[in-house]
Amino acid sequence: MDFLIFKAPMLMVQASLDGILLGILFALIAYGMALQWGVMNIINIAQGDLVILGGYIAYTIYLWGIHPAWGVIISPIIMFFVGWGLYKLVINKVVDRDLFISILATFGIAIVFQQLMNFIFGADVVVAQSEYGTTMLFDNSVTLPNSKIFSAFISVLYAVALVIYMKKSRLGRAIRATAQNARAAKILGVDTEKVYAATFGINAALCGIAGALISITLTLHPYVGLPYTVRSFMIVIVAGLGNLPAVAVSGMGLGLFEEFADYILGTEFRIGAVFLLLVLILVYRRFKLSKKREYLK
Amino acid sequence: MNKIAKLFVTFFSAITLALVSFSSSFAKVEGEYIVLGSAISLTGKYSSNGVHTQNGYNMAVDRINKMGGVEVQGKKYKFEIIYYDDESNPKRAAQLAERLIKQDGVHYMLGPYSSGLTKAIAPVTEKYKIPMVEANGASRSLFTKGYKYLFAVLSPANQYLEVAIDLAVEKNGGKGVKIAQAFEQDAFSQDVRLGILDAAKRTGSEIIIDDKLPKELNDMAATLAKVKAVKPDVLVVSGHTKGALTAIRQISEMKVDVPMLAMTHCDAAKLSKQHGKKSEYALCASQWHKNLSYKDKFFGSGKKYAKDFQKEFGYDPPYQSAESSAALLVFKDAFERANSFDRDAVRDALVDTEMQTFYGNIKFGPGGQNVAKPMILFQVRCKGDDCENRVVAPTKWASDKFYHPIPKWSERS
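Respectively, the protein sequence lines represent chains A and B.
So in numbering that gives the first Met the number 0, the last spot in the first sequence is 296, and the numbers never skip.
So in numbering that gives the first Met the number 0, the last spot in the second sequence is 412, and the numbers never skip.
Derived from the structure by calculation, the hints contain no laboratory data.
These numbers come from a predicted model, not from an experiment.
Fair warning: there could be bad hints in the mix.
Result set (SDA-like, lysine to any residue): computed pairs, CA atoms no more than 20 Å apart in a straight line [as the list claims (entries may be wrong)]: (1) B/Lys296 - B/Met354; (2) B/Lys272 - A/Thr59; (3) B/Lys407 - A/Asp138.
Using the sequences and the hints, build the whole thing.
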């Protein structure tokens, strides 16, 4: 039973595609995290809760009778302002402080968001229906929900758009300058305060998109934000900061790894396997780093 | 400075003493009221079911008080409940149980919502020898610890889906079936799993997939891909509301064809409303359904209860509310039979409970679980886009025939 996957080659195709499609979605969330981590040096524990809030926005418009896919446009717009407001209210007070303070502050935000969502949307698990149907490959032996394909497509689209925006636009350049050296950027006339607010807003908007996609592919509940935070944190750790292609690769890689771990080790070990991989990568990194130092000596 | 400190100490101890003496006068029975206590999830992740539970309790309190209350030693008493919000947090629930007993002087407890929280409270009530009638903790481990003051009006978790396996075997001409199962890794779902293991052994069935889903997982595509590959006769899924919603979403999207699909928590997940036709033919375990023919003099029948509940709270009662109401009926009956407010007398009366309520027959086994009421199964059936739950087993109450096997996705419109 354990190695069913090697007996049925189609299962391997299915597992790979499932892993990649989900991995792309996670990479989008991780990209937002990497962005504001790199620019502001803040680890945002509330990342997952912003995702879920974005999902609830899409779910709300679904309840109004609008197709939930519109959520990928409406939700980021609203979430951008939520992020901006959050920056002005809390984050700007912790941005230059110790990393620990920022973790504490965003942890607080996460709790407040969870309770607020519970209060507004209730504690029931909800789903929005996209009615996108299914793509069947290889004589029905591989089935891909179109909603997952749609979500991967939208994630890639937004990620590419953001990369171009970062390269070409004035704000994008200011953000990159601030990330490299905030003080120098300030001296050269960049309004870093505004850059920080925009960065946090963009991160929240990315979460909004991911949330809208999750509302049609997975399920929503006020308290399921944390796994998304942890997952994006891991992707960023594996990829390193300021390296967008690496974030995409690491997102897909972890998705793939998790699916295969499910088939080979069993479902109960899939999350454990991912964490084990994370530990191994961190140990390897440290090993490499220590070698470098010796060399420098 | 020292004097002031002393003054403060005296002042505060005086206040504490006054509070303690005040609260203990507010004990088990005050004037014409019998005071019950309950820690319940009004906020946090169990808040919707917590509210269903509270509504069930309140509905029964009102009804019993209106219809004459509880008669003990020739005097009429009314029920009153002190509630605290446990925030869906087991530690908090245990603290609150302690507070209810020690500070508020409560001598009789009603259960919280969920197995996990009941597990947190049971050791406390046991320590102080406080009888607790609970209606929302089904985990088998609650009934194997030898608790003497815990009584549950509901059937234990391992019975939830046993009936489904029996049904599958029956459809297979009495021969064993191939079972694929996926259960979340929490106390409740794992108890349901144990029930299936027992049923499989008893019927000579074989378990070909046995996945344990991580708690944070909301994607079960891998499990379903395996199911597609090995083609079992029955697929059993239990992972609270999230598990039920995820399963239906992905089964329909991945076009997984199984002859029979059995689940828990369809009711709480509002499965037929959220997923509509995609959820058709799913079998769901339930503690209660309004169409069952049980009766009592307080609520009449299940249908009458549902109507009154709808009028009072504006929604159809889920089984969580019905079983909570039944808990109060059990307490009333026990007080009257004990004819005393002595905790141990009430506890002994609870042990001897044998009664019928609108929710079902109630008789407690040695572990405190209700042994007199079977679980029921309903199947989601749709007419056009309108889906509803219809009772299909046990046959005594079945309003509809069990539809088997589930048509293939390619044949479903």
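Which of the numbered hints are not met once you compare them with the structure shown?
No hint contradicted; all consistent.
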